[in-house]
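Trainee: What follows is each chain in one-letter form.
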Amino acid sequence: MTRETAGDIGETRETVVYDLDPSCPPDEVEPETPYLAEINGIVDYGIFVDLSDNVSGLVHESVLEGTYRVGDELVVELEAVREDGDLSFTPADVEEYDLVSVEHEVSLTGTDRLEANLGEQVHVEGEIVQIKQTGGPTIFHVADEYGVVPAAAFEEAGVRAFPSIDVGDVVRLNATVERRNDAIQLEVDGLSALDGDDATAARERLATARDERAEPHDVSSLIDWPALEPLREELAEVARTLRRTVLEGRPIRVRHHADGDGMCAAVPLQLALERFIADVHESPEAPRHLFKRLPSKAPYYELEDSTRDLTFALEDRAKHGQQLPMLVMLDNGSTAEDVPSYETLAHYDIPILAIDHHHPDPDAVGDLLDAHVNPYLHDEDYRITTGMLCVELARMIYPDLADEISHLPAVAGLADRSKADAMADYIDLAADAGYDEAHLRDVSEALDYAAHWLRYSAGTPLITDVLGVECDPAHHEAVVSMFESSASEAIQTQLDDASPHLEHESLDNGAHLYRIDVENHTHRFTYPAPGKTTGEIHDEQVTETGDPVITVGYGPDFAVLRSDGVRLDIPEMVAELKDEVPGAGISGGGHLVVGSIKFVRGKREDVIDALVEKMADAPIDEELSSTAPLDD
Amino acid sequence: MTRETAGDIGETRETVVYDLDPSCPPDEVEPETPYLAEINGIVDYGIFVDLSDNVSGLVHESVLEGTYRVGDELVVELEAVREDGDLSFTPADVEEYDLVSVEHEVSLTGTDRLEANLGEQVHVEGEIVQIKQTGGPTIFHVADEYGVVPAAAFEEAGVRAFPSIDVGDVVRLNATVERRNDAIQLEVDGLSALDGDDATAARERLATARDERAEPHDVSSLIDWPALEPLREELAEVARTLRRTVLEGRPIRVRHHADGDGMCAAVPLQLALERFIADVHESPEAPRHLFKRLPSKAPYYELEDSTRDLTFALEDRAKHGQQLPMLVMLDNGSTAEDVPSYETLAHYDIPILAIDHHHPDPDAVGDLLDAHVNPYLHDEDYRITTGMLCVELARMIYPDLADEISHLPAVAGLADRSKADAMADYIDLAADAGYDEAHLRDVSEALDYAAHWLRYSAGTPLITDVLGVECDPAHHEAVVSMFESSASEAIQTQLDDASPHLEHESLDNGAHLYRIDVENHTHRFTYPAPGKTTGEIHDEQVTETGDPVITVGYGPDFAVLRSDGVRLDIPEMVAELKDEVPGAGISGGGHLVVGSIKFVRGKREDVIDALVEKMADAPIDEELSSTAPLDD
Amino acid sequence: MTRETAGDIGETRETVVYDLDPSCPPDEVEPETPYLAEINGIVDYGIFVDLSDNVSGLVHESVLEGTYRVGDELVVELEAVREDGDLSFTPADVEEYDLVSVEHEVSLTGTDRLEANLGEQVHVEGEIVQIKQTGGPTIFHVADEYGVVPAAAFEEAGVRAFPSIDVGDVVRLNATVERRNDAIQLEVDGLSALDGDDATAARERLATARDERAEPHDVSSLIDWPALEPLREELAEVARTLRRTVLEGRPIRVRHHADGDGMCAAVPLQLALERFIADVHESPEAPRHLFKRLPSKAPYYELEDSTRDLTFALEDRAKHGQQLPMLVMLDNGSTAEDVPSYETLAHYDIPILAIDHHHPDPDAVGDLLDAHVNPYLHDEDYRITTGMLCVELARMIYPDLADEISHLPAVAGLADRSKADAMADYIDLAADAGYDEAHLRDVSEALDYAAHWLRYSAGTPLITDVLGVECDPAHHEAVVSMFESSASEAIQTQLDDASPHLEHESLDNGAHLYRIDVENHTHRFTYPAPGKTTGEIHDEQVTETGDPVITVGYGPDFAVLRSDGVRLDIPEMVAELKDEVPGAGISGGGHLVVGSIKFVRGKREDVIDALVEKMADAPIDEELSSTAPLDD
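For the protein sequence lines, the chains are A, B and C, in the order given. Here the first sequence is numbered in UniProt numbering, starting from 1 and rising by one per residue. Here the second sequence is numbered in UniProt numbering, starting from 1 and rising by one per residue. Here the third sequence is numbered in UniProt numbering, starting from 1 and rising by one per residue.
Hints may contain errors.
Any copy will do: because identical chains look the same in the list, a pair fits if it lies in one copy or spans two.
[Stated by the list, open to error] Only pairs whose alpha carbons sit at most 25 Å apart, straight line, appear in this in silico DSS-like list of lysine-lysine:
#, residue 1, residue 2
1, Lys132, Lys292
2, Lys598, Lys578
3, Lys598, Lys132
4, Lys419, Lys292
5, Lys598, Lys614
6, Lys292, Lys319
7, Lys319, Lys598
8, Lys297, Lys132
9, Lys614, Lys578
10, Lys292, Lys598
Treat the hints as calculated values from the structure; they're not laboratory data.
Between the sequences and the hints, there should be enough to build the whole structure, so can you do that?
Mentor: Rendered as structure tokens:
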């Protein structure tokens with residue numbers, strides 16, 4: 001209790017009367033001290049007075065004189081505290097007095113110290129980050145500088161408690177620390193929004209603390225690779241955003257490419273965020289509620305996926321009072337095809353971060369992304385894979401994870417056939433962690449195979465086994481070996497049945513052109529899918545001939561292209577074909593030597609003929625190798 | 001307590017013995033009053049007697065004389081009530097006596113007054129509408145004239161309490177009102193089925209109250225439209241049925257056409273029923289448990305959908321003791337294709353209501369439907385859309401909703417291109433609510449687009465945003481504008497790529513015939529689907545030529561047809577083709593100028609040739625316009 | 001309490017001091033007896049001493065002399081037991097003494113007697129079969145010789161209690177029996193792993209009891225059928241394995257063929273196992289958590305299915321601490337196509353049992369299966385259907401079920417057109433249970449139809465209605481009749497539209513060959529699917545011609561084959577075709593006269609031509625009839 005005098009009280013001790021702050025509790029009332037009270041009830045045997053919101057008591061009629069009205073002020077002194085805690089007062093004999101305010105100075109309890117205060121009353125100050133109306137109490141999730149804790153306030157079954165309080169308000173609670181379903185929860189006794197200077201001060205304090213805590217860890221790069229440095233700076237900013245998102249109690253949704261590099265990107269980030277969420281949030285369910293990861297059906301963010309994600313997010317907001325999520329696109333999300341989905345989410349104020357190494361269209365997506373980390377934006381290319389980037393990101397978010405994931409950049413690089421010079425360093429690094437190169441290749445093949453059969457479910461426990469993360473090493477070995485050998489066998493079956501139907505011709509520029517009808521001459525709806533099948537066929541011809549080779553795998557309404565030794569510039573070709581073959585509905589893209597084209601079924605022949613003509617004119621460049629990732 | 005004398009007790013006060021009704025509680029036993037008891041146990045220190053099911057006690061051996069056998073009657077008086085509530089009795093000194101029944105007259109508590117009786121013992125009378133056996137107690141859901149409340153009775157873990165009580169029984173419970181998981185629940189102390197006159201009386205009272213409460217609200221039509229009046233009478237009957245269904249605690253399942261009109265029909269009904277359920281049922285989970293809405297995969301009720309629905313319903317009955325649901329078909333469900341599904345549900349006594357404006361086949365479905373509201377049954381047609389009907393229905397069920405949905409008939413009409421004269425009034429009405437016609441058109445396009453990408457999930461929060469219901473207006477504007485522009489762009493892409501492949505010929509009757517191979521010359525599995533794509537192409541040709549136009553969009557095993565200015569009578573054509581092209585597996589239907597046909601792939605050419613021949617013979621009628629809804 | 005003297009205590013009574021075992025409870029402390037204690041705290045008013053982990057108390061300073069340090073030993077006697085259970089002690093006047101250990105001899109409570117001990121402290125000994133870490137306590141599932149019970153131990157919210165205890169350990173718990181969520185649960189006070197001889201003894205005792213209880217019931221065969229006997233011996237072994245699996249608390253997953261015989265196999269096994277699980281496990285959720293049944297998408301165990309199953313199992317292990325499941329393959333699972341899935345599961349130590357009557361490839365699957373029951377392995381064939389086998393199996397596991405399922409072998413046989421002589425007996429048996437043959441045929445058709453529309457959901461309540469199990473007879477009749485007539489109608493529609501397109505030729509061997517293009521001349525994605533459609537067409541031709549007939553139904557990448565009267569030996573044909581048509585990607589199989597072939601689309605013509613050539617050379621054998629099951 002602090003007593004601030006309205007004047008100099010040294011000389012006028014007799015005439016001081018104390019005025020309790022509304023939040024003062026009974027134990028701040030001292031005997032033989034006059035307090036200002038307000039009459040709130042009159043009964044036969046006396047009057048009831050309020051000294052604060054929490055301090056009331058009886059003045060017995062035997063000690064009263066005169067008449068009283070409810071609402072009148074009265075100066076009283078404590079008479080007695082009964083066994084049951086009830087207070088009684090007597091009128092104090094004062095006439096003139098100085099009024100002195102008594103602040104209820106509460107000591108705040110940080111959400112990091114709740115366990116130690118189990119069963120006790122505490123005061124917590126923080127920002128409301130989620131309000132869930134249950135059939136019973138209203139659950140406020142309160143974030144202070146240490147963490148996030150659920151606080152239950154009960155008004156009436158299913159009725160919103162403290163309806164004036166919204167997400168984003170800075171509040172002070174007094175509450176009892178309880179264990180509910182065996183997790184720490186606050187039972188709210190009082191809750192009020194701070195306002196004015198108090199709110200500003202608290203908000204600044206929380207913001208400062210949150211900024212500090214959001215700061216990514218300053219980890220050094222796994223390997224010495226100058227090309228990575230500008231990207232790492234951007235990743236640090238992403239790490240900061242994601243950590244702040246966790247501290248703000250906002251959910252995070254990850255959508256990623258359903259292939260090896262995509263998995264190597266998404267799983268480390270998942271582990272880092274789940275662990276950080278568990279550190280920050282008192283509720284043991286928080287990692288499950290606040291993080292979700294899903295592979296994408298298509299190599300871009302389809303409207304079917306985004307409307308589904310949005311619907312779930314809106315339902316979670318309606319049912320659980322969750323904030324709308326932050327979306328993270330991994331190994332995907334850089335192109336114009338993503339725009340309709342991005343626009344949809346933009347109208348719901350769902351921020352989007354993209355980390356990708358596919359050829360980007362920054363004009364299309366730039367304004368829609370809150371962050372866009374892509375090597376092409378720094379004159380680098382696909383050789384810096386998304387998995388390499390995300391392992392760095394995961395370490396910045398949760399550095400304790402570092403040792404468990406140091407081999408994943410190498411797996412990511414092999415999965416996407418990265419020809420980066422730095423691959424040697426990544427492979428050395430993996431070797432230090434006990435993974436030799438042959439095994440890493442097996443992991444990469446096994447990963448691709450497992451990702452294929454998982455289709456569009458996350459399959460976390462299976463993928464972590466394949467990656468060797470949070471998994472017994474012998475078990476990891478066994479799982480990888482089994483999937484790898486199943487994958488090889490499946491690839492061999494495709495090659496055996498497709499090869500007899502490979503059509504060969506020699507182009508004017510001297511390159512070999514191989515065509516394969518993947519609809520009619522490969523097994524469909526099995527592993528490997530047309531894209532990978534075409535890649536495998538192509539690799540075989542490159543090895544066999546040693547010459548420049550182009551391979552086209554075509555289906556009824558698509559073609560996948562690969563070149564070794566011929567500079568195709570596929571994005572340019574696609575642009576030209578759109579003009580040259582009207583009504584073919586052409587779309588697609590890729591790189592110099594790897595890409596895919598879609599068209600309407602009825603124009604396949606025209607499109608492929610025009611395409612081959614261009615290929616025959618394309619310049620030979622024996623340096624070029626079709627090693628970039630190819631979307632199926 | 002009422003005491004009914006068996007004879008005239010005025011003179012014979014000494015010889016009266018009271019016989020307690022089995023349900024009498026201990027507090028009805030008065031001192032110094034003789035009661036008839038039955039001996040139910042004999043021990044060393046005395047005998048135990050029962051005065052009622054709830055009143056037992058000891059007669060100490062010190063006050064007993066003679067011998068006693070279990071089952072014997074004995075007249076006793078109250079001796080003492082011990083602190084723990086146990087009673088002791090002494091034998092009463094009576095020889096001859098008149099027996100007077102003591103009824104246990106309880107004052108019933110309505111389920112609307114439970115909150116006020118929290119913690120108290122109450123008596124509730126009602127009908128059992130659901131019995132859920134949990135691993136612990138049995139949960140009886142009891143409906144009285146005010147609402148439905150869950151009542152937990154515990155026998156032994158997982159063992160059915162009161163096994164003789166079934167759904168449909170009228171019962172009386174004495175129970176304690178508790179808050180469990182923060183919702184009101186009764187803790188059953190006693191439960192018995194009423195029988196005989198009591199049951200009849202209670203059942204009549206409940207039925208009367210339920211009938212009264214089921215009565216739909218007498219709302220006036222949104223607009224003055226005589227054509228609607230006979231349908232509104234039928235809708236009032238449907239509203240009554242649905243309100244009664246809610247009062248009976250029976251779940252409701254809505255299956256609806258996955259397009260704009262279907263959404264405009266289903267969502268208002270959803271909101272009305274969810275709000276009414278929340279009013280009626282104490283359990284805050286009730287709206288979620290008792291109402292489900294799903295778009296249908298096909299333009300009819302496929303067996304795959306109905307077996308799935310049925311399986312869920314049977315599982316809900318097995319797991320949760322739910323009654324099998326009432327099914328409501330919206331903007332669907334009028335044709336012979338629905339019959340196999342309807343028959344399946346009929347064998348499970350699942351009643352079906354259909355509200356639809358597609359051309360009906362009442363001979364096929366009539367007997368299987370409990371209500372069939374369709375403008376064609378009143379010599380009206382598709383111009384009265386299902387959305388227009390269901391907004392009226394929703395208002396009858398829950399009139400408070402009226403202002404929020406008054407613009408939806410206009411949206412529904414635009415979505416299905418209704419050419420009703422009343423459209424002008426609906427558009428005026430929407431304008432009053434702040435929606436101008438251009439915006440309504442955008443809503444309708446946005447809705448169709450959103451429904452397409454939602455596929456077959458309900459997506460309620462997204463759809464309500466598009467509809468502008470329970471949604472911030474600015475947000476609604478933004479969402480609509482975004483979806484509408486995405487939709488236009490997607491339509492333009494289809495038209496651009498399809499138009500070069502449009503085949504034209506002039507028919508003998510002078511009409512233009514356009515054909516488009518939608519499989520080979522449009523983008524598949526994207527928006528717009530073949531039906532809408534054909535419609536857009538057709539509209540373009542109608543506008544361009546100004547002449548009578550027929551457009552056929554065909555795929556491998558289907559064709560969609562539209563005509564402006566030629567009277568096709570598609571149902572008739574389909575019937576003739578069935579005969580003329582045997583083994584083509586023809587089915588389909590539609591209206592005079594809009595329809596679709598399915599066939600087996602191998603007979604496509606034959607079917608379309610025969611079809612075109614008929615089109616060439618069809619009479620020109622420039623009044624006719626292909627504006628009716630077309631199922632994709 | 002047993003007291004084992006360290007020496008001869010007869011003469012030295014004064015000098016004996018007892019040393020309590022750490023687990024001794026307060027009630028083992030006797031007055032006027034000296035005990036060895038350890039000082040664990042010193043306060044103003046005395047010292048606190050420990051006699052065991054559970055026995056502590058105060059020695060008042062008034063009776064103490066000298067100085068004491070925490071950790072010192074002290075011999076004490078009981079002074080008093082206070083009302084609240086607190087003990088006080090006095091120092092005992094002993095100088096030299098013999099120390100005598102006091103073992104805490106507990107009487108174990110079997111998990112079958114927990115209900116009777118509600119609220120009491122009990123000791124339970126058993127094996128840990130599941131450890132679930134919740135956000136609060138750790139839940140240990142303990143299996144003793146009577147059942148399995150969950151035991152909650154709380155360390156700190158979300159923190160693993162007793163981290164040294166693993167699944168598989170044999171432990172002793174002292175715990176309080178509680179009802180939690182209304183099921184019996186133990187609240188752990190102490191838990192320790194047994195070791196050494198104790199562990200060995202307990203493990204042997206449990207193993208013996210479990211072996212005894214796992215013993216299948218010795219039921220006699222439903223009918224007298226010698227061919228079944230060797231299979232029944234194997235089934236008894238499977239029954240033992242499954243019962244033991246239940247007793248071990250391990251989950252069971254059933255994957256089965258999605259047709260009539262598959263359902264007749266899987267559903268009785270489901271009922272038997274669910275009932276046995278309910279008997280064994282205290283938790284009422286156990287049957288739902290420990291048993292799952294799913295029809296398979298393909299006629300073999302696809303990798304998509306197995307990775308999904310595996311992912312769920314790994315998630316259940318991670319989230320709920322469940323053991324990985326036992327897999328049971330029914331009416332499926334005997335061929336090389338199952339191998340990749342089996343290998344995947346093998347690396348996770350998931351045992352697999354297969355009961356099947358399809359032509360097996362024991363070389364491929366033998367090593368991967370823990371049991372493989374298949375009539376072909378006993379020179380019998382498909383005529384012994386999986387349903388017949390599994391009804392026997394279900395009876396061995398849970399004989400009370402026998403009467404409810406005695407008609408199912410007949411249904412299974414009719415569904416798979418078994419020509420076994422024993423069919424007559426099965427049909428008689430069903431007749432005894434009230435099912436005449438015509439009705440059984442209807443059940444079989446209805447079952448096939450329902451299974452088709454359920455696709456790949458289990459649909460248990462619908463299927464049990466069709467089977468007439470756990471279902472009202474009148475309702476069963478109605479459901480069967482409705483599905484059967486829908487099925488007939490659908491079949492007739494397929495036949496009507498397909499028949500005009502049937503191509504006929506006479507083969508050199510005199511047989512009729514009929515071909516039908518099921519892609520182009522039947523309705524796709526409806527009932528009946530191509531396999532059954534081909535069968536129905538074939539049957540019609542057999543009946544009509546009376547001659548040897550072969551029918552081929554072909555689609556873009558598959559053909560289904562049936563023969564009556566011609567010995568095709570399809571597995572042999574497939575093997576030859578693989579060589580003769582390279583690059584056709586041929587796979588497939590079947591029996592002498594029934595089978596299917598898959599190939600890549602582009603080689604269809606070549607494959608079918610080669611096939612027909614072989615058919616023309618195949619020997620006539622009028623005995624042969626194509627009645628075996630055919631996978632769609």
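Trainee: Using 25 Å as the alpha carbon limit, work out where Lys292 and Lys319 are close: within a copy, between copies, both or neither.
Mentor: Both: 17 Å inside a copy, 15 Å across copies.
Trainee: Checking an output row: Lys292 and Lys598, CA cutoff 25 Å. Within, between, both or neither?
Mentor: neither (31 Å within a copy, 39 Å between copies)
Trainee: 25 Å Cα cut-off: does Lys297 pair with Lys132 within a copy, between copies, both or neither?
Mentor: neither (32 Å within a copy, 33 Å between copies)
Trainee: Regarding Lys319 and Lys598, is the shortest C-alpha distance of 25 Å or less found within a copy, between copies, in both, or in neither?
Mentor: neither (41 Å within a copy, 43 Å between copies)
Trainee: Indicate which option fits the pair Lys132, Lys292 if close means a Cα-Cα distance not exceeding 25 Å: within, between, both or neither.
Mentor: both (19 Å within a copy, 22 Å between copies)
Trainee: Tell me, please, which holds for Lys598 and Lys614 at an alpha-carbon limit of 25 Å: within, between, both or neither?
Mentor: within (17 Å within a copy, 37 Å between copies)
Trainee: Between Lys598 and Lys132, at a C-alpha cutoff of 25 Å, which is it: within one copy, between copies, both, or neither?
Mentor: neither (46 Å within a copy, 50 Å between copies)
Trainee: Could you figure out if Lys419 and Lys292 sit no more than 25 Å apart (CA to CA) within one copy, between two copies, both or neither?
Mentor: For Lys419 and Lys292, neither the intra-copy (32 Å) nor the inter-copy (47 Å) Cα distance is at most 25 Å.
Trainee: Tell me, please, which holds for Lys598 and Lys578 at an alpha-carbon limit of 25 Å: within, between, both or neither?
Mentor: within (11 Å within a copy, 34 Å between copies)
Trainee: As a check of your reading, is Lys614 near Lys578 (CA-CA no more than 25 Å) within one copy, between copies, both or neither?
Mentor: within (13 Å within a copy, 39 Å between copies)
Of the hints listed earlier, those the structure fails to meet are numbers 3, 4, 7, 8, 10, in rising order.
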